[in-house]
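Peer 1: These are the residues of each chain, in order.
There are 2 protein chains.
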Amino acid sequence: MFSFDLQATDGAARTGVIRTPRGDIRTPAFMPVGTAATVKAMMPESVRATGADILLGNTYHLMLRPGAERIDRLGGLHRFMNWDRPILTDSGGFQVMSLAELRKLTEKGVTFRSHIDGSKHELTPERSMEIQKLLGSDIVMCFDECPALPADEARVAESMRLSMRWAERSREAFGDRPGHALFGIQQGGVTEELRAESAEALTRIGFDGYAIGGLAVGEGQEAMFGVLDYAPAMLPVDKPRYLMGVGKPDDIVGAVKRGVDMMDCVLPSRSGRTGQAFTRRGVVNIKNARHQDDPRPLDEHCTCPACSNYSRAYLHHVFRSQEIISSMLLTWHNLHYFQEIMGGMRAAISEGRFADWEEKFHADRAQGDIELL
Amino acid sequence: MFSFDLQATDGAARTGVIRTPRGDIRTPAFMPVGTAATVKAMMPESVRATGADILLGNTYHLMLRPGAERIDRLGGLHRFMNWDRPILTDSGGFQVMSLAELRKLTEKGVTFRSHIDGSKHELTPERSMEIQKLLGSDIVMCFDECPALPADEARVAESMRLSMRWAERSREAFGDRPGHALFGIQQGGVTEELRAESAEALTRIGFDGYAIGGLAVGEGQEAMFGVLDYAPAMLPVDKPRYLMGVGKPDDIVGAVKRGVDMMDCVLPSRSGRTGQAFTRRGVVNIKNARHQDDPRPLDEHCTCPACSNYSRAYLHHVFRSQEIISSMLLTWHNLHYFQEIMGGMRAAISEGRFADWEEKFHADRAQGDIELL
Numbered sequence: 000m001f002s003f004d005l006q007a008t009d010g011a012a013r014t015g016v017i018r019t020p021r022g023d024i025r026t027p028a029f030m031p032v033g034t035a036a037t038v039k040a041m042m043p044e045s046v047r048a049t050g051a052d053i054l055l056g057n058t059y060h061l062m063l064r065p066g067a068e069r070i071d072r073l074g075g076l077h078r079f080m081n082w083d084r085p086i087l088t089d090s091g092g093f094q095v096m097s098l099a100e101l102r103k104l105t106e107k108g109v110t111f112r113s114h115i116d117g118s119k120h121e122l123t124p125e126r127s128m129e130i131q132k133l134l135g136s137d138i139v140m141c142f143d144e145c146p147a148l149p150a151d152e153a154r155v156a157e158s159m160r161l162s163m164r165w166a167e168r169s170r171e172a173f174g175d176r177p178g179h180a181l182f183g184i185q186q187g188g189v190t191e192e193l194r195a196e197s198a199e200a201l202t203r204i205g206f207d208g209y210a211i212g213g214l215a216v217g218e219g220q221e222a223m224f225g226v227l228d229y230a231p232a233m234l235p236v237d238k239p240r241y242l243m244g245v246g247k248p249d250d251i252v253g254a255v256k257r258g259v260d261m262m263d264c265v266l267p268s269r270s271g272r273t274g275q276a277f278t279r280r281g282v283v284n285i286k287n288a289r290h291q292d293d294p295r296p297l298d299e300h301c302t303c304p305a306c307s308n309y310s311r312a313y314l315h316h317v318f319r320s321q322e323i324i325s326s327m328l329l330t331w332h333n334l335h336y337f338q339e340i341m342g343g344m345r346a347a348i349s350e351g352r353f354a355d356w357e358e359k360f361h362a363d364r365a366q367g368d369i370e371l372l
Numbered sequence: 000m001f002s003f004d005l006q007a008t009d010g011a012a013r014t015g016v017i018r019t020p021r022g023d024i025r026t027p028a029f030m031p032v033g034t035a036a037t038v039k040a041m042m043p044e045s046v047r048a049t050g051a052d053i054l055l056g057n058t059y060h061l062m063l064r065p066g067a068e069r070i071d072r073l074g075g076l077h078r079f080m081n082w083d084r085p086i087l088t089d090s091g092g093f094q095v096m097s098l099a100e101l102r103k104l105t106e107k108g109v110t111f112r113s114h115i116d117g118s119k120h121e122l123t124p125e126r127s128m129e130i131q132k133l134l135g136s137d138i139v140m141c142f143d144e145c146p147a148l149p150a151d152e153a154r155v156a157e158s159m160r161l162s163m164r165w166a167e168r169s170r171e172a173f174g175d176r177p178g179h180a181l182f183g184i185q186q187g188g189v190t191e192e193l194r195a196e197s198a199e200a201l202t203r204i205g206f207d208g209y210a211i212g213g214l215a216v217g218e219g220q221e222a223m224f225g226v227l228d229y230a231p232a233m234l235p236v237d238k239p240r241y242l243m244g245v246g247k248p249d250d251i252v253g254a255v256k257r258g259v260d261m262m263d264c265v266l267p268s269r270s271g272r273t274g275q276a277f278t279r280r281g282v283v284n285i286k287n288a289r290h291q292d293d294p295r296p297l298d299e300h301c302t303c304p305a306c307s308n309y310s311r312a313y314l315h316h317v318f319r320s321q322e323i324i325s326s327m328l329l330t331w332h333n334l335h336y337f338q339e340i341m342g343g344m345r346a347a348i349s350e351g352r353f354a355d356w357e358e359k360f361h362a363d364r365a366q367g368d369i370e371l372l
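Protein sequence lines correspond, in order, to chains A and B.
Numbers 0 to 372, taken from numbering that gives the first Met the number 0, label the letters of the first sequence in order.
Numbers 0 to 372, taken from numbering that gives the first Met the number 0, label the letters of the second sequence in order.
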């Protein structure tokens with residue numbers, strides 16, 4: 000019902016397919032973020048058209064508004080948001096620590112007040128499993144705790160061991176749900192020994208997939224790649240590996256190169272709303288006056304609606320005029336570009352030419368944006 | 000190249016087709032408003048999918064940002080905004096009086112400062128014709144002046160006569176542009192004699208269509224219908240009649256009943272962004288807590304994406320969460336509903352059953368929204 004077929008490797012990079020009752024997920028996979036039951040500024044059919052096989056939903060946001068029990072009564076998150084393909088939900092652990100107010104952390108879990116209306120809530124491994132079940136999530140994440148980096152090693156170790164105890168409780172509470180997967184989350188900061196200890200603890204418990212958590216939290220790309228040089232290999236080879244919250248295009252490519260199968264990030268959608276477009280040749284800030292008379296598309300090789308039908312001058316105009324279509328078009332473009340990277344890597348890994356693909360990826364970016372007219 | 004085929008009448012109501020080189024416009028026609036080169040929160044292909052044959056663009060907004068000369072350099076408004084069907088542009092006259100700062104009105108025209116950046120501009124009949132040509136508008140409106148109602152009759156008469164002199168200058172400046180139409184605008188407030196004088200002046204000049212201006216500016220529906228009881232018949236029977244800036248669904252139906260062929264209004268799109276949905280059974284305020292657990296669509300008979308794929312509970316949630324998809328879905332629904340009214344009226348007029356159609360329209364609305372669950 001839920002399985003992972005690893006189909007090819009090229010160096011440490013891997014490609015395969017995660018099979019679920021709601022459809023296949025081609026890996027390496029990029030998961031757009033649909034925080035509050037919507038990928039911001041996108042219709043779900045448009046998200047699918049960019050090539051996304053799976054979305055991520057945020058437990059913290061959804062439990063507060065509209066509420067997990069309400070979504071359950073309404074038929075689950077898939078039906079609620081009109082997305083019938085797989086959904087992965089995070090555990091709420093990361094966001095409760097970054098967004099909620101008056102947090103109190105104990106062995107049992109976290110109590111906090113909602114950043115929306117101040118109402119009091121509790122998240123524990125058991126409650127997180129319950130919420131993710133109410134949402135109808137296909138891939139459920141263990142409830143964990145994640146310190147911001149840099150943090151001292153003792154704090155990181157203590158936090159990781161708490162997360163491992165919570166992983167055991169999550170596994171217990173999740174129970175047996177055919178067709179649904181539970182992923183463990185490796186912690187341990189940037190310390191190899193702690194990462195190994197965490198991987199061992201998780202593997203002993205046994206999960207359907209393994210996330211690499213606690214990265215992309217302020218440590219920088221070099222430190223992150225440093226961890227990714229050893230962390231993926233600590234995890235079972237026959238299960239998907241998910242790097243949480245990553246990232247920029249070059250972060251994604253570097254992670255796949257090091258053996259990561261899945262990623263998620265708000266970057267393509269959030270940047271779309273602030274006028275930042277990711278292209279083969281790097282980032283374009285559409286608000287810049289250089290675009291105001293430019294009849295050329297963002298990227299002439301891109302087949303997304305923003306590039307097929309509109310000039311940079313139009314995208315500049317609607318951004319400056321604060322028109323909603325600006326967010327719609329740039330988000331679509333960014334998600335399309337991210338999925339194009341994933342598709343390019345999948346094909347390259349299958350055909351054993353990942354190094355060439357990566358070289359071209361970096362060479363294109365090094366060119367910088369097209370010259371002024 | 001530009002023509003109007005009046006195909007059927009039923010009482011004063013008319014149905015037909017305006018033929019243009021960019022496609023046919025089925026009448027009675029509702030024109031969504033694409034103020035700043037976008038129908039807010041909609042992709043142009045979605046606007047088309049609602050059944051719109053023609054959009055309205057605003058000269059005042061476009062001349063200020065991004066500028067008419069710039070749009071011309073970029074290939075015209077159709078290409079700029081990715082809408083290849085007909086576009087009607089207003090003359091800028093109405094909006095310069097309602098939005099611009101430091102307006103100064105003379106026989107020659109209006110000088111004013113931009114509400115966006117304070118820059119100084121002038122609009123005259125000649126400049127308005129030039130701008131609308133630069134935009135590539137298919138249906139160009141005469142430059143006119145329109146007093147807010149109520150206004151004393153002397154002021155209305157004086158303003159109307161100025162508009163008639165400007166209509167003559169507009170006709171002169173427009174020249175001969177095959178495939179493009181110029182519409183005159185009848186003024187005269189709520190005074191039958193002034194409306195007759197205006198109609199006579201316009202008919203003497205000769206236009207491809209005639210607008211009824213100076214209504215929907217604060218006079219109320221009863222006074223507006225009072226004028227529409229006589230004004231359309233003053234205009235040539237073989238040319239399209241366009242009621243500017245109207246309106247709510249019942250305004251539209253009442254106007255068509257009285258012989259109007261075309262209308263435009265921001266209401267469906269603006270209301271979509273403020274959580275107001277127009278339905279067969281009247282207005283639904285989606286922010287109301289009564290919808291938060293309601294699994295039913297806005298209107299079970301509606302085939303738009305908002306009604307086909309989402310519950311009221313979802314629409315309520317995304318509105319409350321200020322998600323962009325809320326504006327996207329409700330705008331789509333509203334535009335779809337408005338176009339459905341137009342299609343219903345066209346069919347009813349063709350088949351000589353407009354009175355029955357109108358009775359059902361009002362009976363459905365009188366039911367009010369569906370009962371609480």
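Hints should not be assumed to be uniformly reliable.
When chains are identical, the list treats them as one kind, so a pair holds in a single copy or across two.
What the hints assert, rightly or not - Listed below are the simulated DSBU-like cross-link pairs for lysine-lysine, each with C-alpha atoms no more than 30 Å apart in a straight line:
1. 132 to 286
2. 286 to 103
3. 119 to 286
In case anyone wonders, no lab produced these hints; they're calculated from the structure.
Peer 1: For every hint, state whether the structure bears it out.
Peer 2: Comparing the hints with the structure gives:
1. 132 to 286: between (42 Å within a copy, 28 Å between copies)
2. 286 to 103: Cα proximity of residue 286 and residue 103: none, with 42 Å in one copy and 33 Å across.
3. 119 to 286: Between. Shortest inter-copy distance 24 Å satisfies the 30 Å Cα cut-off; intra-copy 41 Å does not.
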